[in-house]
Structures are given as C-alpha cells and as structure tokens.
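Residues in the sequence shown are numbered consecutively from 1238, following the working numbering.
Certain hints may be false.
Said to hold, decoys possible - Label pairs and their calculated CB-CB ranges:
no., residue 1, residue 2, range
1, PRO1279, GLU1253, 26 to 32 angstroms
2, ASP1251, TYR1271, 17 to 23 angstroms
3, ASN1286, GLN1264, 26 to 32 angstroms
4, ASN1252, GLN1272, 23 to 29 angstroms
5, ASP1251, VAL1296, 18 to 24 angstroms
6, ASP1251, GLN1272, 26 to 32 angstroms
Please keep in mind that the hints were generated in silico from the structure rather than gathered at the bench.
Just so you know, even glycine gets a beta-carbon here, dropped at the ideal spot from N, CA and C.
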Amino acid sequence: MSLIYGLVGFVTGDNESLPTLLHELRQLAHCMGYQTVSGMFPQNSFILNSLAKAGYQKVESEELWLYEW
1238 MSLIYGLVGF VTGDNESLPT LLHELRQLAH CMGYQTVSGM FPQNSFILNS
1288 LAKAGYQKVE SEELWLYEW
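Whenever a hint applies, use it, and build me the whole structure from the sequences.
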C-alpha cells in the first residue's frame, strides 16, 4: 500500500471548498498510482463529514489517520 503524506491546511470559502480539495487530492493520488492518503486531521465534524463526502473511509491505524477509497 502506497502513501501520500500531506497536510490539509485551512481552506477559506464556501462549505464545498474542503470537500472539493479532498476530492481533487484523491483523484491526483489515484492518477499517480496511490491507493491510500494519510494525514493529521483534527477531530471535528466538518472535516470528518468532508472526508466522508469526498469518498474517503477511515482505515484502522494506531499512529496515523489513513483514508482510502
């Protein structure tokens, strides 16, 4: 399983900004042959909902939050 490590910073704009960014990250990773994206994501409902809306699923991990599609 390949990983892309990255930081999703604060996104200004409407409620679709973060889901759109996460969706684009997913498409880029897929085009590059990656299956998993990892990152440090704050525990708040907006970010968790945005990840879900972009089609990510949490993979069990003790150290990192890993998401795959």
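Hints, one by one, checked against the model:
1. PRO1279 to GLU1253: 26 to 32 angstroms: Violated - the Cβ-Cβ distance for PRO1279 and GLU1253, about 19 angstroms, lies outside 26 to 32 angstroms.
2. ASP1251 to TYR1271: 17 to 23 angstroms: violated, 28 angstroms
3. ASN1286 to GLN1264: 26 to 32 angstroms: With a Cβ separation near 19 angstroms, ASN1286 and GLN1264 fall outside 26 to 32 angstroms, so the hint is violated.
4. ASN1252 to GLN1272: 23 to 29 angstroms: Taking Cβ atoms as reference, ASN1252 and GLN1272 lie about 28 angstroms apart, which means the hint holds.
5. ASP1251 to VAL1296: 18 to 24 angstroms: The hint (18 to 24 angstroms, Cβ to Cβ) is violated, given that ASP1251 and VAL1296 are roughly 29 angstroms apart.
6. ASP1251 to GLN1272: 26 to 32 angstroms: For GLN1272 against ASP1251, whose Cβ atoms are near 30 angstroms apart, the range 26 to 32 angstroms holds.
Of the hints listed earlier, those the structure fails to meet are numbers 1, 2, 3, 5, in rising order.
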